[in-house]
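**Q** Residue strings, one per chain:
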Amino acid sequence: EAGVTQFPSHSVIEKGQTVTLRCDPISGHDNLYWYRRVMGKEIKFLLHFVKESKQDESGMPNNRFLAERTGGTYSTLKVQPAELEDSGVYFCASSQDQVGAYGYTFGSGTRLTVV
Amino acid sequence: QKEVEQNSGPLSVPEGAIASLNCTYSDRGSQSFFWYRQYSGKSPELIMSIYSNGDKEDGRFTAQLNKASQYVSLLIRDSQPSDSATYLCAIYNFNKFYFGSGTKLNVKP
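Sequence order for the protein chains is A and B. Heads up: the first sequence is residues 1307 to 1421, going by the numbering used here. Heads up: the second sequence is residues 11 to 119, going by the numbering used here.
No wet-lab data here; the hints were simulated from the structure. Incorrect hints may appear among the rest.
Unchecked claim - DSS-like, lysine-lysine: derived pairs with alpha carbons at most 25 angstroms apart:
hint, chain 1, residue 1, chain 2, residue 2
1, B, Lys118, B, Lys52
2, B, Lys77, A, Lys1350
3, B, Lys106, B, Lys52
4, B, Lys12, A, Lys1350
5, A, Lys1384, A, Lys1350
6, A, Lys1350, A, Lys1321
7, A, Lys1384, B, Lys106
8, B, Lys114, B, Lys66
9, A, Lys1347, B, Lys12
10, A, Lys1350, B, Lys114
11, B, Lys106, A, Lys1357
12, B, Lys77, B, Lys12
13, A, Lys1321, A, Lys1384
14, A, Lys1384, A, Lys1360
15, B, Lys106, B, Lys66
16, A, Lys1350, B, Lys106
17, A, Lys1350, B, Lys52
18, A, Lys1360, A, Lys1350
19, A, Lys1357, A, Lys1384
20, A, Lys1384, A, Lys1347
21, A, Lys1384, B, Lys52
22, A, Lys1321, A, Lys1347
23, B, Lys52, A, Lys1347
24, B, Lys12, B, Lys114
25, A, Lys1347, B, Lys114
26, B, Lys106, A, Lys1360
27, B, Lys52, B, Lys114
28, B, Lys77, B, Lys66
29, A, Lys1347, B, Lys106
30, B, Lys106, B, Lys12
As the list claims (entries may be wrong) - Taking beta-carbon pairs under 7 angstroms as the criterion, some of the chain A residues facing chain B (in silico):
hint, residue
31, Glu1348
32, Ile1349
33, Phe1351
34, Phe1412
35, Gly1413
36, Ser1414
Note that the Cβ used here is the ideal one computed from N, Cα and C, for glycine as well.
Assemble the whole structure, with the sequences as input and the hints as a guide.
**A** Written as C-alpha cells, this is what we have:
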C-alpha cells in the first residue's frame, strides 16, 4: 500500500510569490488533514477534509492560505502571497475513520522556505 | 499556554540504557495520548498510544499515564543508536492532534 505522498519535498520561494503544495492520501482514505511545523515550534493542525468537504478549518492562519480537495482525492494547499513566517514543514495525513487517531498516516512533509 | 509541553532536549543516553521522555498537558479532559517518533526529514510514525492511567508496554517501549498529574511519559529500555530521533508527545481531542514540540534523543554507541 502506497503511503501519503507530498509534493514537492522542498520549495524555496521569494516573499510575495505563490506556492502550491500537493498531498496524495492513501487510496480510499476519506479523511485528509494538513498540519505544519514552523521553526522551533510544535506541529499544529491546519484543517481537515472529509472527502471534498472542509470539516474543520480552525487552524488556518489567515486568508492567504487556501486548501482544496476537488473530487475528494488529492489536496492542494496554496499560499498566496507567501510571507517569511510561512516558512516551515507542511505535513499531510490521511485516515479512513473520522473518529479516532488510529490509521492516521503522515506524509514526509514539504519543507517551505520563504526568502 | 501550550496544550502539550515537552523538554526539547537533547537527551543523551548511552547505548543499552533506559531513556525517559516526559510530557505534560493542559486539558484535563483529554482521553487519548500518543507518542510519535520522527527521524530527521521523515514523517512522524506512531510508537504507542495510551488511554488509561498506568503503564502500557510494547516491546522495549513503555508508556505511562497519570491523568491526575496530567503527565505522560515514554520509557525506552535497552536504548539503541537507531532510537536516536525526535519523540513527539500528542493528545487527540476534537478530531485533531495537539503535539508537543518534541524531545530530541541521542543514543551514544
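**Q** Hints first: check each against the structure and report whether it holds.
**A** Right, here's what the structure says about each hint:
no.: 1; hint: B/Lys118 - B/Lys52; verdict: holds (21 angstroms)
no.: 2; hint: B/Lys77 - A/Lys1350; verdict: holds (23 angstroms)
no.: 3; hint: B/Lys106 - B/Lys52; verdict: holds (20 angstroms)
no.: 4; hint: B/Lys12 - A/Lys1350; verdict: holds (11 angstroms)
no.: 5; hint: A/Lys1384 - A/Lys1350; verdict: holds (17 angstroms)
no.: 6; hint: A/Lys1350 - A/Lys1321; verdict: holds (22 angstroms)
no.: 7; hint: A/Lys1384 - B/Lys106; verdict: holds (21 angstroms)
no.: 8; hint: B/Lys114 - B/Lys66; verdict: holds (22 angstroms)
no.: 9; hint: A/Lys1347 - B/Lys12; verdict: holds (11 angstroms)
no.: 10; hint: A/Lys1350 - B/Lys114; verdict: holds (18 angstroms)
no.: 11; hint: B/Lys106 - A/Lys1357; verdict: holds (16 angstroms)
no.: 12; hint: B/Lys77 - B/Lys12; verdict: holds (17 angstroms)
no.: 13; hint: A/Lys1321 - A/Lys1384; verdict: holds (14 angstroms)
no.: 14; hint: A/Lys1384 - A/Lys1360; verdict: holds (15 angstroms)
no.: 15; hint: B/Lys106 - B/Lys66; verdict: holds (23 angstroms)
no.: 16; hint: A/Lys1350 - B/Lys106; verdict: holds (9 angstroms)
no.: 17; hint: A/Lys1350 - B/Lys52; verdict: holds (17 angstroms)
no.: 18; hint: A/Lys1360 - A/Lys1350; verdict: holds (17 angstroms)
no.: 19; hint: A/Lys1357 - A/Lys1384; verdict: holds (18 angstroms)
no.: 20; hint: A/Lys1384 - A/Lys1347; verdict: holds (21 angstroms)
no.: 21; hint: A/Lys1384 - B/Lys52; verdict: holds (22 angstroms)
no.: 22; hint: A/Lys1321 - A/Lys1347; verdict: holds (21 angstroms)
no.: 23; hint: B/Lys52 - A/Lys1347; verdict: holds (17 angstroms)
no.: 24; hint: B/Lys12 - B/Lys114; verdict: holds (19 angstroms)
no.: 25; hint: A/Lys1347 - B/Lys114; verdict: holds (13 angstroms)
no.: 26; hint: B/Lys106 - A/Lys1360; verdict: holds (14 angstroms)
no.: 27; hint: B/Lys52 - B/Lys114; verdict: holds (14 angstroms)
no.: 28; hint: B/Lys77 - B/Lys66; verdict: holds (14 angstroms)
no.: 29; hint: A/Lys1347 - B/Lys106; verdict: holds (17 angstroms)
no.: 30; hint: B/Lys106 - B/Lys12; verdict: holds (15 angstroms)
no.: 31; hint: Glu1348; verdict: holds (4 angstroms)
no.: 32; hint: Ile1349; verdict: holds (4 angstroms)
no.: 33; hint: Phe1351; verdict: holds (4 angstroms)
no.: 34; hint: Phe1412; verdict: holds (4 angstroms)
no.: 35; hint: Gly1413; verdict: holds (6 angstroms)
no.: 36; hint: Ser1414; verdict: holds (4 angstroms)
In this structure, every one of the numbered hints holds.
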